[in-house]
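> Keeping their order, the protein sequence lines are chains A and B. For the first sequence, the working numbering begins at 1 and goes up steadily by one. For the second sequence, the working numbering begins at 1 and goes up steadily by one.
These are calculated hints, taken from the structure and not from any lab test. There is no bait here: all hints are sound.
Keeping only pairs whose Cα atoms sit at most 30 Å apart, straight-line, the calculated DSS-like set for lysine-lysine is:
| # | chain 1 | residue 1 | chain 2 | residue 2 |
| --- | --- | --- | --- | --- |
| 1 | B | Lys432 | B | Lys673 |
| 2 | A | Lys106 | B | Lys252 |
| 3 | A | Lys4 | B | Lys489 |
| 4 | A | Lys98 | A | Lys228 |
| 5 | A | Lys4 | B | Lys596 |
| 6 | B | Lys413 | B | Lys550 |
| 7 | B | Lys155 | A | Lys35 |
| 8 | A | Lys4 | B | Lys673 |
| 9 | B | Lys605 | A | Lys3 |
| 10 | A | Lys127 | B | Lys673 |
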Amino acid sequence: MVKKHLIKRSPLRVLEEATHGGPGPGALAVLASPKGVGKTACLVHIATDKLFQGKAVIHVSYASRVDYIITWYEDIFKEIAKNHRLRDAVAVHDEIIKNRVIMNFKQDGMRTEQVLRSLEAMITGGKFNAETIIVDGYDFGLALPAELEKFRRFAGQMGLELWFSASLKETGGDMFRPDGTPVLLVPHVDQIDVLITLEAKSDAVEIRVVKDHDHPAPGILPIKLDPKTLLIAQEK
Amino acid sequence: MTTTIEHMRNIGISAHIDSGKTTLTERILYYSGKIHRIHEVKGKDGVGATMDSMELERERGITITSAATNVEWAGCAINIIDTPGHVDFTIEVERSLRVLDGAVLVLCSVGGVQSQTITVDRQLRRYDVPRLAFINKCDRVGANPLKVRDQLEEKLRHNAVLMQIPIGLEDQHQGVVDLVAMKAVYFDGGEGSDPRFAEIPDDLREEAVRRRNDLLDAASMFSDELTEAILEDRVTEDLIHAAVRRGTIARKLTPVFIGSAYKNKGVQPLLDGIVRYLPHPGEVKNIALDRDTDSGSPAEVVLATDPAAPPVLLAFKLEDGPYGQLTYIRVYQGRIEKGTELVNTRSGQRIKVGRLIRMHADHMEDIAEASAGDIAALFGIDCASGDTFADPSLNYSMTSIYVPEPVISLAIKPLDKNALDRMAKALNRFTKEDPTFRTFVDPESHETIIQGMGELHLDVYVERMKREYNAEVETGRPQVAYREAITRKVEFDYTHKKQTGGAGQYGRVIGYIEPMSEGTYEFVNEIKGGRIPREFIPSCDKGFKTAVKKGDLIGFPVTGVRVALTDGQYHEVDSSDNAFQAAAIGAFRQVYPKAKPQILEPVMKVSVEGPTEFAGAVFGSINQRRGMIVSSIEDGNFSRVDAEVPLSEMFGYSTQLRSLTQGKAEFTMEFLKYGRVPAAMAEELQKEHAEKKARKAK
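Make the full structure from the sequences, and use the hints.
Here you go:
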C-alpha cells in the first residue's frame with residue numbers, strides 16, 4: 001500500500017469525524033485512562049498519523065526516557081507498516097522521523113513558562129514547524145488548572161493542536177463521574193476542548209469521547225484499541 | 001615483584017573531559033609511592049601530570065595516548081591504563097577497554113553525567129567492564145554529589161550505591177564518612193597523605209545511618225549471609241565488602257566514592273575500593289578465536305588465566321620511544337620471560353621475547369617475567385597494534401576490536417624534501433598505532449591524503465608530525481568521505497571483445513547488481529554448468545571490486561552493492577584473467593547509471609550540553625547546519641540536545657557554539673551513519689567532479 005491510502009484508511013479518521021475534524025489548531029485534547037491501558041501507544045499512533053500526513057510533531061515527555069519513547073515510535077511504525085504492507089517502508093520511515101522531535105522535561109521544579117519557552121525556541125529558533133504537540137506524563141494531580149490554561153493559550157497563539165495524556169489512579173472512590181468525565185480532570189474540564197477516555201473491557205479497549213468542543217459528546221466510538229498491538233483499530 | 005593473580009588489578013580511569021581524571025591518576029601514583037611530587041595538568045611548574053607522556057598533550061591539557069603504569073596498594077599490584085577523554089580518539093579508548101578488568105568512572109560533582117560520560121559508559125558496557133564511580137571536585141562551587149548519584153541511576157541506569165557521604169562541600173569540603181566502617185575520614189598531613197579516622201560529626205549522624213541502610217539493602221541482594229546478618233544484627237565490614245564485591249563484578253551494583261583529587265580528599269579510600277571490589281584477572285572470562293579447528297571455521301575458546309598454560313597475549317598499544325618501538329601487551333594465558341618463543345598469529349612471524357619491562361608513565365622497570373593477567377611492555381618487536389601473540393602450538397586470535405571507518409580526509413604536503421622522508425616515517429608509525437588513522441597517495445592528484453575520525457583527530461597527528469618527527473606539512477581543506485550507493489536492481493549483459501590482430505581478449509558476463517542494506521560489497525556466483533570456467537570467476541569478482549572503488553557520480557567508493565553473476569560466455573583461446581576483469585568493469589560502468597545511484601555523506605551524532613537559556617540558539621545552529629534534532633532534555637537549568645548533523649556541515653561548529661553561548665556550552669560528536677545527500681547538493685558535487693575531470697583531461 002502506498003502512504004496516501006494508508007492515511008485515508010487510518011481508523012483515526014473515525015476519531016476525527018466523531019470530533020468534528022479533530023481538536024484543531026489552538027485546541028487542547030486530553031486522552032485519559034488508568035495506567036497500562038494504552039495511552040502512550042494511542043498518542044504515538046495519533047502522532048505517527050500526523051507524521052504520515054507530512055506534519056511535524058513535538059513529543060513532550062515529563063517522565064519517560066527519550067530512548068523509551070523512540071522505541072514506542074519504532075514499534076508503532078513497524079506495526080502499521082506491516083499491517084498495511086507499506087511500500088518503501090525504510091524510506092518513508094526516514095522521511096517522517098525528520099518531522100519528529102522529542103523534548104524531555106522534569107515536571108517537579110520545571111515551570112510551565114520554561115517549558116513553553118523551550119517549545120517556542122524549538123519552533124522559531126530551530127525552525128521546526130510543528131502543528132501538533134503531544135504531551136505525555138503530565139501529572140494532572142499536581143498541576144493547577146491555571147497551568148493548563150497557559151498551555152492552551154500558547155496553543156492558541158502558535159496555532160498548535162495539543163494532545164495530553166492523563167493517567168488516572170485508583171483513589172478508592174469512583175474513577176469516573178456518571179457522565180464519563182474522569183474525577184481527576186473535573187477541575188480542568190474548562191481548559192479541555194476534546195476529552196477522550198480509554199477503558200479496558202474484556203476483549204478490547206473502548207474509546208469514548210466525553211467532551212467535544214461545544215458539541216454534544218458522541219460517546220463510545222466504533223473504534224477500539226487492539227489489545228495486542230495497542231493500535232487503534234476499526235471494529236470488524 | 002611476583003604477584004599471585006588474586007592480588008592483581010587491571011583498571012582504567014574513564015571520564016568526561018575536565019572531570020579531573022589526570023589529576024586523580026597523578027594522586028594515585030603519589031599516594032602509592034610511585035612519584036614523589038605532585039604535578040598538576042598544565043602545571044605552573046611546566047612539568048605536567050606524569051601520565052600525559054606526550055609533550056603535545058601537556059600543552060593542550062588533554063590526554064591522548066593511553067600509557068599503562070603499575071602501582072602497589074594494600075599488597076595488590078594495580079595496572080592503570082590511562083584512557084583518553086576526547087571522543088575523536090575513541091579507538092584508543094576502545095583498545096584500552098579491551099584489556100581492562102575493571103574501571104573507575106570519574107564524574108565531576110558539578111557537571112555530573114555529561115555527554116562524554118555517557119559515551120565512555122556505553123563503551124565500558126560493551127566490553128562488560130565492572131565499574132566504580134568516583135564523584136570528584138567536591139570542593140568546587142555548586143558541588144552536589146548526591147545529585148550526581150541520582151544521575152548515575154537515571155541517565156546511565158546504574159544501581160549506584162553511596163559508599164560514603166561528604167563532610168562539607170565546596171570550600172568546606174573536609175573529608176568523607178565511610179558508610180561501611182561508620183567513621184569519618186579526614187585527610188591530614190602534607191598532601192593529604194595521612195587519612196585519619198574519627199567519630200562521625202553529630203550533624204551527619206542521622207544521614208549516615210540512613211545512607212548506610214540504603215547500602216545494606218542494596219548489598220544484601222547479593223549475599224544471603226549478609227541478609228541474615230542484618231536480621232540478626234551482626235553485620236561485619238567483611239560481609240558488606242564481600243556482598244558489594246559480588247554485586248560489582250556481576251555489574252549489577254556500582255559503588256560510589258566521593259572526594260576531590262585536587263584537594264587530596266578521598267583518593268586512598270577509592271584505592272581501597274579498587275582492591276576490594278574490582279575483579280582480579282582470574283575472575284574475568286576472556287575469549288579468543290581458535291583458527292585451527294576441525295570444522296575449518298574459527299571457534300571461540302575461553303582462555304585459562306593460568307601461568308602454566310601455553311601463553312597467549314595481545315599487543316594493545318604501540319609507542320615509538322627514544323629506544324625504539326615499545327609494544328604494550330596484556331598476557332591472558334600462560335607466562336612469558338626472556339627467550340620465550342611466540343608466534344604472531346596474524347602474520348605467522350615468530351619472535352623471541354627480549355627485554356620485558358613494566359611501565360611507569362615515562363620511567364620503566366625491567367622485569368624477569370609476566371604471567372596471565374599481567375600488563376607489560378616488550379622491546380624490539382615488530383607488529384601492529386591489535387596483534388595476538390601465542391605459543392607456536394596455538395593459532396589463537398583475540399577477538400578483534402571494533403574499528404570504525406574514517407569519515408574525514410585531509411591532503412598534506414611536506415614543506416621541503418627533508419620533511420618528505422620524515423613525514424613518511426611518521427605516517428608509517430601512526431597507521432600502525434591507530435587503525436582509524438589511514439593514509440594513501442591519491443593516484444590522480446599525487447597528493448598524500450590522511451584520513452581519520454574527525455578534525456581534531458587529524459590535527460593532533462599533523463602536530464605530532466611536526467613535534468616528534470620534525471616534519472612540517474601544509475594541509476588542504478578537510479574533505480568529507482562521501483560514498484555512492486545504488487538504489488535499485490538492474491541486470492547487465494556485457495561483452496568485452498578485442499580480437500583484431502595479436503592475442504585476442506574475450507569475456508562476456510551476465511547478471512545483475514542490487515542494493516543491500518548491510519556491508520559494502522558482496523559477490524555471488526549463480527552460474528550453473530560452467531558457462532564461465534571456474535578459474536575466471538575470481539577474475540570477475542576482482543573486476544567488480546575494482547569498479548566499485550570509484551563510482552561515476554563523484555568518484556567516491558560505491559557501498560552496499562551485491563553483484564550476482566548468472567551467466568556468461570568464454571572463448572577457448574582469447575579468454576583470460578584480464579579479459580574477464582575488463583568485462584566485469586565494463587559491465588558495472590555500463591549499468592551503474594541505470595541503478596539510480598545516489599551520493600551518501602557521513603552523518604554524525606552530535607550532543608550539545610549547556611545552560612537552558614541557550615537552547616534556542618543551539619536549536620537554531622543545528623537547523624542552520626542541515627541538522628535534525630532528535631531530542632532535547634531539560635533538567636532544571638541544564639539542557640542537552642541530541643541531533644544528527646552531516647559531517648560536512650560541522651566544520652567550525654566549536655567556534656560558532658562558543659560565541660553563541662559565551663563559551664558555556666560544549667558538544668561532542670561521533671560517526672552515526674551514512675545518509676543521503678540532498679538533491680541540490682548532489683548536483684553541486686557532481687558538477688565539481690565533472691569540472692575536475694575536465695581540467696585533468698586538458
